[in-house]
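**Student:** Chain residues, written in single-letter form:
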Amino acid sequence: QQQVKQSPQSLIVQKGGIPIINCAYENTAFDYFPWYQQFPGKGPALLIAIRPDVSEKKEGRFTISFNKSAKQFSLHIMDSQPGDSATYFCAASSARGDYKLSFGAGTTVTVRA
Amino acid sequence: DTGVSQDPRHKITKRGQNVTFRCDPISEHNRLYWYRQTLGQGPEFLTYFQNEAQLEKSRLLSDRFSAERPKGSFSTLEIQRTEQGDSAMYLCASSLKGYNEQFFGPGTRLTVL
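Those protein sequences? They're chains A and B, same order as listed. Residues in the first sequence are numbered from 1 upward in steps of one, following the working numbering. Residues in the second sequence are numbered from 1 upward in steps of one, following the working numbering.
Okay, chain A solo, but in the shape it has when bound:
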C-alpha cells in the first residue's frame, strides 16, 4: 500500500501565486522527508528536505511545513513562476529502512504567466 499520500493530484496557479501541496504518512519510523521536482522526461531532482525535529524549513522560494503530531507535511512555492511548472513528489524514508524512499503519487503544478 502507498505509505505516503499526496494531494492534490494537480493544481493551477497564476504567476506569483502560492501553490501548496500536502502529504500525509503513517509510518512513525520515517525520519526524513524530501521533496523532489520532476520535469517531463527527466529524473526527479532533490528540491528541499526536512527532519521531524523541525517544524519549518525554507530554501529560496520553497518552504516545507511539518506537523509531527498530525503526521503531515506540505510544500509551499512562494512567488511561483512559469518555470516552476513541473510535477512535485513528496517522499519519506528512515534509517531503519536503509533510507529507501517511499513516494507520494505526485502533484502536477502549472503556473500560468
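Worth flagging that the hints you see were computed from the coordinates, not collected in a lab. Quick caveat: nothing in here was measured; it's all calculated off a predicted structure. Keep in mind that the hints are not guaranteed to be accurate.
Said to hold, decoys possible - Covered stretches of chain A, going by a simulated chain B footprint (3 or more residues, C-beta under 8 Å):
#1 34-44
#2 55-68
#3 88-96
A virtual CB, placed ideally from N, CA and C, is assigned to each residue, including glycine.
Got chain A; can you put chain B on it based on the hints?
**Tutor:** Using the frame of chain A, we list chain B on its own:
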C-alpha cells in the same frame, strides 16, 4: 558531468526479449538504488546495493528481474522475457552510506511492444 548517469535513455523492445540497463552513480557514493516509475505515479523502490552487496529486493522485483553491481561502482538491471507491464521509467539513484540524500539519474524509458 558528475551526476548519476543512465544508459540507454530510451529502449523499445518486443515482448519476450531481454533488456539490460546501466547506471553509473556519483563517484564515491557507495549506495545505489533502483526505482520504477509508471505514468502518473511516483517512483517505487525495486532494490538497492551497498558497495557490491545487494541488500534488499522489493516484492515488485519478480524473478525475471536481476540486478548486479559487480565492483561496487556501476550497476546493471536486466529484465528477462519482457512483458508489456514492464513498460515504465527505470530510475537509478545514489547516496553516501549514512546519508539520506539520494540523487537520481535521468532514467531509462522502457517500452515493451
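**Student:** Are the hints correct? Go through all of them and say.
**Tutor:** Hint-by-hint comparison with the structure:
1. Using a Cβ-Cβ cut-off of 8 Å, 6 residues of the region 34-44 of chain A lie near chain B, which meets the minimum of three, so the contact claim holds.
2. Against chain B, the region 55-68 of chain A contributes 0 residues with a C-beta closer than 8 Å to a partner C-beta. That does not satisfy the three-residue criterion, and the hint is violated.
3. Only when three residues or more bring their CB closer than 8 Å to a CB of chain B does the claim for the region 88-96 of chain A stand; here the count is 4, and the claim holds.
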